[in-house]
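Q: From first to last, the protein sequence lines stand for chains A and B.
The first sequence begins at 1 in the working numbering and counts up by one.
The second sequence begins at 1 in the working numbering and counts up by one.
If you are wondering where the hints come from, they were derived from the structure by calculation, not from laboratory data.
A quick note: this is a predicted structure, and the numbers were derived from the prediction, not measured.
Glycine included, every Cβ here is placed at the ideal spot set by N, Cα and C.
Take these hints with a grain of salt, some might be off.
[As the list claims (entries may be wrong)] Partial list, computed: chain B residues near chain A (C-beta under 8 Å):
| id | residue |
| --- | --- |
| 1 | T2 |
| 2 | D4 |
| 3 | S14 |
| 4 | Q26 |
| 5 | V38 |
| 6 | F57 |
| 7 | N80 |
| 8 | S121 |
| 9 | A166 |
| 10 | E168 |
| 11 | T169 |
| 12 | Q313 |
| 13 | W320 |
| 14 | F364 |
| 15 | T501 |
[What the hints assert, rightly or not] Calculated pairs, DSSO-like style, for lysine-lysine (alpha carbon to alpha carbon, straight line, at most 30 Å):
| id | chain 1 | residue 1 | chain 2 | residue 2 |
| --- | --- | --- | --- | --- |
| 16 | A | K740 | A | K848 |
| 17 | A | K697 | B | K3 |
| 18 | A | K102 | A | K948 |
| 19 | A | K269 | A | K697 |
| 20 | B | K3 | A | K513 |
| 21 | A | K324 | A | K246 |
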Amino acid sequence: QSGTGTVSGRVADSKNEGLPGVTVLIEGTTLGSSTNVDGTYSIPGVPAGPHTLVISFVGYNTKRQPITVAAGQTTNVPAQTLSENATALGEAVVIGYGTQRKQDLTGAVEQISEKQFVKGQVTNPEQLVQGKVAGVQITTAGGAPGASTQILIRGGSSLNASNQPLIVIDGVPVDNTGLAGASNPLSLINPNDIESITVLKDASSTAIYGVRASNGVILVTTKHGVSGDQFHVNVSTQMSLATPAKYVPVLTAAQFRDVVNQYGTTGQKATLGNASTDWQREIYRTAYTADNNVSFSGAAGVVPYRISTGYLYQEGILKRNDLKRYTGAINLSPVLLNGDLRIDLNVKGSWIDNNFSDQSAVGAAVNFDPTQPIYADGSPYGGYYESTSGGTLLTLATRNPVGLINQNRNRSSVKRSIGNVQVNYKLPFVPGLSANVNLGYDVQRGRGTTFVPANAASNYFRQVTINGVVNRGGVNNQYAQDLTNTILEAYLKYERTVGPGRLDLLAGYSYQKFQNRSYNFDDNLANGAVYLAAVPSYSGAFTYLNTNVLIGFYGRLNYNIGDKYLFTGTFRADGTSRFNPNHFGYFPSGAFAWRLKGENFLKNSTAISELKLRLNYGQTGQQDLGGAYYPFLASLTLSNATAQYQLGNQFFRTLRPDQYNPNITWETTTTYGVGLDYGFAGGRVYGSVDVYRRDTKNLLNFVNIPDLSGLSNAGNFNVGSLTNRGVEIITNLDLVKGDKVNITVNANATYNQNKLTQLTIYGSGNDVGQPTGGISGGVGNNIQINTVGYPTQSFYVNQQVYDANGLPLQGVYVDANGDGVINSTDRYRYHSPRPQWILGGGANASYKGFNLAFTLRANLGNYVYNNVRANSYYDQNSSGFVSNKTQEFLASRFTTAQYFSDYFIENGSFLRLQNATLGYNFGAIIKKGTTLTLTAAGQNLFLITNYKGLDPEIYNAGPPATQGIDNTIYPRARTFTVGLNLGL
Amino acid sequence: CTKDLNQSPDYAASSNVVYADPAQIQQVLARLYATFAVSGQQGPAGNPDISGIDEGFSNYIRQYWQLQEITTDEAVIGWNDGTLPQVNTLQWNADNEFVRATYDRVFYEVGLCNEFIRQTSDANLSSRGIPAASLNTVRTYRSEARLLRALSYWHAIDLFGGGPFATETDAIGTTPQYKKGADMFAYVESELKALDALDDNSGALLAPKAVYARADKAVLWTLLTKLYLNAKVYTGTDRSTDAITYANKVLAASSGYSLSPSYANLFLADNNTTDARNEIIFPITFDGTRTQTYGGMTYLVHAPNGRAYTAAQAGIDGGWSGLRTKPALTGLFGSTTARNPNDARSQLFVFQGQNPRVDTLGQFSSGPLIAKYRNVTSTGAPGSNVTFPDTDFPMFRLADVMLMYAEAVLRGGSGGSATQALAYVNQIRARAGASATTAGALTLSSILDERARELFWEGHRRTDLIRFGVYTTGYNWAFKGGVQAGKDVETFRTLFPIPNTDRVANPNLPQNPGY
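Chain A on its own, in the form it takes in the complex:
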């Protein structure tokens, strides 16, 4: 066939009004167009023959229309009607309870869709957008597969309450609670099923979620079937190799021997061995990962469907650490009754088998004496060399890292299913009125076992005498936890033209119940003998059930005058079972946007393609106190079997009246924001700038209370306030836009600064603040402090004095208060672990079938306490063993701990190449409409920093969670991936 024709037609909405800006593409080609103001389009140069027209638009269901083009003629396609999509397909911007055209947004909302996701081996969904969204800081706890992640949106608004955002998956707000056996509950979601991730940042867009919205909302939309589509199969497979990018710079065996001979006591010198062991290399490996996914999609009559399944096997670089994940997802989205009734059914299931290994080996490998061998002849501890004295194991010594790994089996099986059915019905008698009902669940089950053999040094001394027989050593335990979350939501939506503009009204009700059941099991020795029997709770059962119920009533008003003046108002009344009787909190918000582009003077400008000014204000709440489910309740706790007390000849499990606060109530964050959306040069340059201020008051704070006023020295109270201020800048640049070559560049920058404005009920000059940030070294030592007027978690340290050569003088600090004594009162507040600037960006270049993309991330001004270096002093106290140091010791040569020296606070600014991907699309090699893509990706390819430790991006999930304290981290691996994607 030769020759080409033109295709033309019109696209309209359900009211038969022309839809402008709709994308119309000839499938399998690069030919396409977008519709004019009246909804018409024309595509010239289409090869003659049969084709499929793909018509897609934000917020509407994509439509496919078969056509036949005759050479030299104009093919007139019948008018196509696009139906609105309630659950947001395509590139629609998903917002709370609905979707919106991007141009109608009044708040700070950013949506990242599949195309822009981070590529390579991504195990957890949140990593898809790491570095992609302004104002969002995503930090993994380390390099273990499925490791937990901290997500901070606009710096987080809480001090002691949770700072994690609300995550809503296909309309189901999911449980943020940690689950036994899963480091990160989000790891149970297969990233391959995700179509887009939307981040709601400002209060006007989040306030509709009232109660849990203070820290932002993340909306995850999974892939759906497409109406009228034919059957498709997509198969992807990728394989990765991961290697440790760097090791902690510890002393070599030879260096260490010299150090001990110089500084050690006679007894210590005698403990040195003759071996030369690099313990870190003994515990890490090159790890292999395979990730395979298959999906089937299409439409069976009026029922579009998508079914997918995935299998992931991921090894950690720590030996014996791996994860197997099996996932499945089904989506059915039938449209019935001429589009009046839409049903959206989603069921996702996953099963993860974790093999955790013993991650304490990471720290042990840094500390263990490098002059010792891995194995020792005749060692009763499974053959591993261990520190002993006179034949007795030294309990204070570091355990053999290889032994820790090999003599520990910690496995879990975690299952999670999330599902919902959402029904949207256009009520027949009132035009513009529709009802939406959403029923959903999120169920998680975690089960696990730990086994440590009796001869392992780590648990050698656990022993119990049963019937005169001494049973000794090891662990043989199980653990379990169930999380069950159910949701019912219903809302009515009413749309009509009122006066000069279009009015959208929404009113709804939400009920959500979270149940967290934990189990108590016997604590056993390796041989199964009961070391500590399981303890029943007060009710006599061996389980503990905590329940949190949230009930909300919400409403939203949108008023759009001529696409120029946009008003949004929302209100939510939210009740929580966590506060009683102060159940309810009330959260209003309002926003106004002026779309200058819609004004006559800009309407026809090509230089300025978009200009919109946004103002927003709103209040949001926080009630998530983590483990404290009933902080208001006066109750008594029964002690467990190991905290009994003997009176006479009887042991009593004691009953303790617990601290409580009947007045506890909501934490409230008030956000003020100004934003500007822009587009220049015909849309080649576009983005936004947002400035915000967030004031949080009545902080849900765990604070000291007057002794004797309650039943402890501290408790959960609404005390204190803090402020976050920041700027977010997003710029996208279509550098080259052509038939063959396309280059786009994107960049985002976030500046955030937080400051505590109140911390206690009474202001007092005596108040140094609340110490926080526990370190390794000593017991109960804190390196940070929360003080009014300073950023949260500021480092609180002594100022080091240096000699003429710039080397630190041991124990010599600046006498800040001039009292002649150097002690803790001389400490000062020095920097914060929070980055001042978070930068992200990347580029995407394509030439014919080739595609090259990369993502860079940088944090600037984040400081880190290098706890590993701080522990590198020579300790003459240890008897019977010696501990290795980092290279730091050769510089400072401290012989006593100097934990509070600012010498160990380092600038942790960094630039990381998050990923780089090269792909080649072979196009339709099998038959028309099929695709075959080959990709090669590298992750964590370089890290540029002055930080002296392994990695300055530090987050410790705890408990308690700490920020910016580097006390050995499971290294983030450097990963190389090759992948193949076949679409049929």
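Start from chain A and add chain B according to the hints.
A: Relative to the frame of chain A, chain B by itself:
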């Protein structure tokens, strides 16, 4: 549709149920005792009673012991944890977390007792329908709670010279007012006297030795003796005569106490079953399998263990290499480098391989070790758990009361005799195998030394040195004031500061002078 917002846990107890059942009331009573031994509702750690400091570190007995011992000539600790070295060297300030922990534990106990006394008022007992047969039992529990509260208030007087004050009549949530030491003394004295006067129908305390480890009348009398002996420090008025009055009640044959034939057995894993039980008036009980903590006895057995004093000798899995003693104590037995073969008490010192002097704070080899508290029985059998000892802590014991009697007599109190005083001192010395002292040699300063020899590491030393006026000035020991030779410190250090944490939370609290 909002009824579901009222949720309560399925595993916790409510006051209305617990305080209607005498058996459960006894479980709450046991909790008042347990505050001294454990740090929370999970042993050895977890679900803590107080926050802001490591549980094991801040345990009541461990902290009380540390403030009473490592601030004196009897003990030194090598660890660098937080502000611990400042405690060691009498350089603490109002931000010291160990001072704070002690303070918080003391007032935590008072608060718990207040709640118990409030909930078990006669009005509450009757409204909750406690059966008549159990009424007197529960009233006795209530009296024990008042006695335990008085004990903790005494600690507050002794350590902090007063502090926040509240009783069962102050509702939860009320910010307490301040009460200074002398006024708190008057309150404690009146409480104890009122308790002593109760009859069997109004909640009289148990008779001495009736039930092991319960706070009985002998505990009350011992506490009164202590208060009166130190009254000059607390109130400015000497009350030696009153001290003798109550010491006599403990020492009376009818009370049934006698010295344990073996000194060493008082501190071993079976001190709740051997003859030691006849001497111990008030133990804080520990059990390797059922009462676990990283404070209390676990600390006292592990912290001094290491080097030549092997873990096996102490009956544990491994020592913590922290606590040693100073030549000031070993020297009281005649030599700072070797044990005195004629005194069983000095056999507990370990000189082997140790520097007999304390030349550094941090090194465990610097200073003799003390193998006093051990987790082995009198027959040499190990305790039930190698980490957590079975050994009970003897808070009050007969020998202490005997020495208090002797001291009160020497201080001019009436109601006793010098002959009896000498007899008591020599009974104690004879038990240790030491030669008898003479009437002429029995002076106040010899009593101070004898108290050190007999009661070292039992948590009395700081109070004793203050009573004898030699704590801050006029008598020095290694690292007092932060220098190896020791130096005088400010006289205000006889009291610890009110922690800043509580002064920030409670504006009613003044600071002690000097801080």
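Q: Indicate, hint by hint, whether the structure satisfies it.
A: Each hint, compared with the structure:
Below 8 Å, beta-carbon pairs count as interface contacts, and B/T2 has one with chain A at about 5 Å; its hint therefore holds. Taking 8 Å as the C-beta cut-off, the interface hint given for B/D4 holds, the closest approach to chain A being about 5 Å. Restraint check, B/S14 versus chain A: the minimum CB separation of about 6 Å is within 8 Å; hint holds. For B/Q26, the interface hint holds, since its Cβ comes within 8 Å of a Cβ in chain A; the closest pair sits about 7 Å apart.
About 5 Å separates the beta-carbon of B/V38 from the nearest beta-carbon of chain A, less than 8 Å, and the hint is met. The criterion of a C-beta within 8 Å of any C-beta in chain A is met by B/F57, whose closest approach is roughly 6 Å, and the hint holds. The criterion of a C-beta within 8 Å of any C-beta in chain A is met by B/N80, whose closest approach is roughly 5 Å, and the hint holds. Below 8 Å, beta-carbon pairs count as interface contacts, and B/S121 has none with chain A, the closest being about 15 Å; its hint is therefore violated.
Because the beta carbon of B/A166 sits about 5 Å from the nearest beta carbon in chain A, less than 8 Å, this interface hint is met. Taken as an interface hint, B/E168 does not check out: its beta carbon lies about 12 Å from the nearest beta carbon of chain A, beyond 8 Å. The criterion of a C-beta within 8 Å of any C-beta in chain A is not met by B/T169, whose closest approach is roughly 13 Å, and the hint is violated. The restraint placing B/Q313 at the interface with chain A is violated, with a minimum CB-CB distance near 11 Å, outside the 8 Å limit.
Given the 8 Å rule on beta carbons, the hint for B/W320 holds: about 7 Å separates it from the nearest Cβ of chain A. A least Cβ separation of about 6 Å between B/F364 and chain A falls short of the 8 Å threshold, and the interface hint therefore holds. The criterion of a C-beta within 8 Å of any C-beta in chain A is met by B/T501, whose closest approach is roughly 5 Å, and the hint holds. As the CA atoms of A/K740 and A/K848 are separated by approximately 5 Å, the hinted pair is consistent with the 30 Å bound.
For the hint pairing A/K697 with B/K3, the CA-to-CA distance comes to about 28 Å; that is within 30 Å, so the pair holds. In summary, the hint linking A/K102 to A/K948 is not supported, as the alpha carbons are separated by about 44 Å, beyond the 30 Å threshold. A threshold of 30 Å between alpha carbons decides the hint, and for A/K269 with A/K697 the separation of about 57 Å lies outside it, so the pair is violated. At most 30 Å may separate the alpha-carbon atoms for a hinted pair to count; B/K3 and A/K513 meet this at roughly 13 Å.
Between the alpha carbons of A/K324 and A/K246 the distance comes to roughly 26 Å, so the proposed pair stays at or under 30 Å and holds.
Of the hints listed earlier, those the structure fails to meet are numbers 8, 10, 11, 12, 18, 19, in rising order.
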